[in-house]
Amino acid sequence: QKEVEQDPGPLSVPEGAIVSLNCTYSNSAFQYFMWYRQYSRKGPELLMYTYSSGNKEDGRFTAQVDKSSKYISLFIRDSQPSDSATYLCAMSGFSGSARQLTFGSGTQLTVLP
Amino acid sequence: EPEVTQTPSHQVTQMGQEVILRCVPISNHLYFYWYRQILGQKVEFLVSFYNNEISEKSEIFDDQFSVERPDGSNFTLKIRSTKLEDSAMYFCASSEDRKEEYFGAGTRLSVL
Numbered sequence: 001q002k003e004v005e006q007d008p009g010p011l012s013v014p015e016g017a018i019v020s021l022n023c024t025y026s027n028s029a030f031q032y033f034m035w036y037r038q039y040s041r042k043g044p045e046l047l048m049y050t051y052s053s054g055n056k057e058d059g060r061f062t063a064q065v066d067k068s069s070k071y072i073s074l075f076i077r078d079s080q081p082s083d084s085a086t087y088l089c090a091m092s093g094f095s096g097s098a099r100q101l102t103f104g105s106g107t108q109l110t111v112l113p
Numbered sequence: 001e002p003e004v005t006q007t008p009s010h011q012v013t014q015m016g017q018e019v020i021l022r023c024v025p026i027s028n029h030l031y032f033y034w035y036r037q038i039l040g041q042k043v044e045f046l047v048s049f050y051n052n053e054i055s056e057k058s059e060i061f062d063d064q065f066s067v068e069r070p071d072g073s074n075f076t077l078k079i080r081s082t083k084l085e086d087s088a089m090y091f092c093a094s095s096e097d098r099k100e101e102y103f104g105a106g107t108r109l110s111v112l
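Going down the list, the protein sequences come from chains R and P.
Heads up: the first sequence begins at 1 in our numbering, then just goes up one per residue.
Heads up: the second sequence begins at 1 in our numbering, then just goes up one per residue.
Please note: incorrect hints may appear among the correct ones.
DMTMM-like cross-link-like pairs, simulated, lysine to aspartate or glutamate; straight-line CA separation at most 25 Å [to be verified]: (1) P/K42 - R/E5; (2) R/K42 - R/D58; (3) P/K57 - R/E3; (4) R/K2 - P/D62; (5) R/K70 - R/E5; (6) P/K42 - R/E3; (7) R/K2 - P/E56; (8) R/K56 - P/E1; (9) R/K2 - R/E15; (10) R/K2 - P/E100; (11) R/K42 - P/E96; (12) P/K42 - R/E45; (13) R/K42 - P/E44; (14) R/K2 - P/D86; (15) P/K78 - P/E3; (16) P/K78 - P/E96; (17) P/K99 - R/E45; (18) R/K67 - P/E44; (19) P/K42 - P/D71; (20) P/K99 - R/E5; (21) P/K57 - R/D66; (22) P/K78 - P/E18; (23) P/K99 - R/D66; (24) R/K70 - P/E100; (25) P/K99 - R/D58; (26) R/K56 - P/E18; (27) P/K83 - P/D97; (28) R/K2 - P/E59; (29) P/K42 - R/D7; (30) R/K42 - P/E3; (31) R/K56 - P/D97; (32) R/K67 - P/E100.
Partial chain R-side listing against chain P, Cβ under 7 Å, derived [said to hold, decoys possible]: (33) P44; (34) Q100; (35) S105.
The set of hints was computed from the structure by calculation and includes no laboratory data.
In this text, a Cβ means the ideal position worked out from N, Cα and C, and glycines have one as well.
Use the sequences and the hints to build the structure in full.
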């Protein structure tokens, strides 16, 4: 079983739609959860960071963590064509090798005008 | 806004040659990282560096790889004898507190 699983998509939505992106994980040591956005041939850009179960909102983005189910989500409201990118979930733990970021494979999102 | 900068953006080299990839982390950050992403694959951790020494490294980071912070601003990744399979995007990242990691735009390494 992979440590972090993410549906690669591609996901295509109309402008203004609500987008839901998800990752599941198997390693209970993961305590910190991040969402990155990556445009083609660019570096990952940190969007959201959270370490507790529940929701965290930042503008049009909401990150949700459910540690009991080992499931995290990113919601994008009022999606825009500029949101078209690959979205990566990433996570890390408190100590030892779990400190390094482990990434999902990324979900490719296209928002159509 | 502070950012991680990486040079060069694209490096082409012959198999067996040494390459040095350079990074300037965000100035008040203390933790530094290298990741790589082979085309079409996941971003993979290579190494983390703190207080002038390696704190963690992955199985990928073998004896061909080394890292150095030669001065107060630069952080480098050296590959001693490049192989075809080293072709990838290499990302440098830095963190103030080992939680939020900020990535550079990457160096695309092409080994011919």
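We went through each hint and held it up to the structure:
For a cut-off of 25 Å, the pair hint linking P/K42 to R/E5 stands: about 11 Å separates their Cα positions. Between the alpha carbons of R/K42 and R/D58 the distance comes to roughly 23 Å, so the proposed pair stays at or under 25 Å and holds. Proximity of P/K57 to R/E3 is assessed by CA-CA distance (about 18 Å); at most 25 Å being required, the pair is judged to hold. Under the criterion of a C-alpha separation no larger than 25 Å, the hint pairing R/K2 with P/D62 is consistent with the structure, at around 23 Å.
Between the alpha carbons of R/K70 and R/E5 the distance comes to roughly 11 Å, so the proposed pair stays at or under 25 Å and holds. Note on P/K42 and R/E3: the hinted pairing holds, with a Cα-Cα distance of about 12 Å set against a maximum of 25 Å. Of the pairs offered as hints, the one joining R/K2 and P/E56 holds, with about 21 Å between alpha carbons and a cut-off of 25 Å not exceeded. Note on R/K56 and P/E1: the hinted pairing holds, with a Cα-Cα distance of about 23 Å set against a maximum of 25 Å.
Restraint check for R/K2 and R/E15: not satisfied, since their Cα atoms lie roughly 33 Å apart, outside the 25 Å limit. About 23 Å separates the Cα atoms of R/K2 and P/E100, which keeps this hinted pair within 25 Å; it holds. Restraint check for R/K42 and P/E96: the C-alpha separation of about 22 Å stays at or below 25 Å, so the hint holds. Annotation: proposed proximity of P/K42 to R/E45 holds, straight-line Cα distance about 15 Å (limit 25 Å).
For the hint pairing R/K42 with P/E44, the CA-to-CA distance comes to about 15 Å; that is within 25 Å, so the pair holds. Between R/K2 and P/D86 the CA atoms are separated by roughly 23 Å; this keeps the pair inside 25 Å, and the hint holds. Distance restraint check for P/K78 and P/E3: the Cα-Cα separation of roughly 22 Å lies within the 25 Å cut-off, and the hinted pair is therefore satisfied. Under the criterion of a C-alpha separation no larger than 25 Å, the hint pairing P/K78 with P/E96 is consistent with the structure, at around 24 Å.
Proximity of P/K99 to R/E45 is assessed by CA-CA distance (about 14 Å); at most 25 Å being required, the pair is judged to hold. Under the criterion of a C-alpha separation no larger than 25 Å, the hint pairing R/K67 with P/E44 is consistent with the structure, at around 23 Å. Proposed proximity of P/K42 and P/D71 is contradicted: the alpha carbons are some 31 Å apart, above 25 Å. Among the hinted pairs, P/K99 with R/E5 is consistent with the structure: their alpha-carbon atoms are about 21 Å apart, no more than 25 Å.
Under the criterion of a C-alpha separation no larger than 25 Å, the hint pairing P/K57 with R/D66 is inconsistent with the structure, at around 29 Å. Of the supplied pair hints, the one linking P/K78 and P/E18 holds, its CA atoms being roughly 7 Å apart against a limit of 25 Å. Of the supplied pair hints, the one linking P/K99 and R/D66 holds, its CA atoms being roughly 19 Å apart against a limit of 25 Å. In summary, the hint linking R/K70 to P/E100 is supported, as the alpha carbons are separated by about 20 Å, within the 25 Å threshold.
Between P/K99 and R/D58 the CA atoms are separated by roughly 18 Å; this keeps the pair inside 25 Å, and the hint holds. The straight-line distance between the Cα atoms of R/K56 and P/E18 is roughly 45 Å, outside the 25 Å bound, and the hint therefore fails. For the hint pairing P/K83 with P/D97, the CA-to-CA distance comes to about 34 Å; that exceeds 25 Å, so the pair is violated. A C-alpha spacing of about 17 Å is found between R/K2 and P/E59, which places the hinted pair at or below 25 Å, so the restraint holds.
In summary, the hint linking P/K42 to R/D7 is supported, as the alpha carbons are separated by about 12 Å, within the 25 Å threshold. Proximity of R/K42 to P/E3 is assessed by CA-CA distance (about 13 Å); at most 25 Å being required, the pair is judged to hold. At roughly 20 Å between alpha-carbon atoms, R/K56 and P/D97 fall within 25 Å of each other, so this suggested pair holds. With a C-alpha separation of about 19 Å, the suggested pairing of R/K67 with P/E100 holds against the 25 Å cut-off.
Checking R/P44 against chain P: minimum C-beta separation of about 5 Å stays under 7 Å; hint holds. Taking 7 Å as the C-beta contact cut-off toward chain P, the hint placing R/Q100 at the interface holds, the least distance being around 4 Å. Interface restraint check for R/S105: the shortest CB-CB distance to chain P comes to about 5 Å, inside 7 Å, so the restraint holds.
Of the hints listed earlier, those the structure fails to meet are numbers 9, 19, 21, 26, 27, in rising order.
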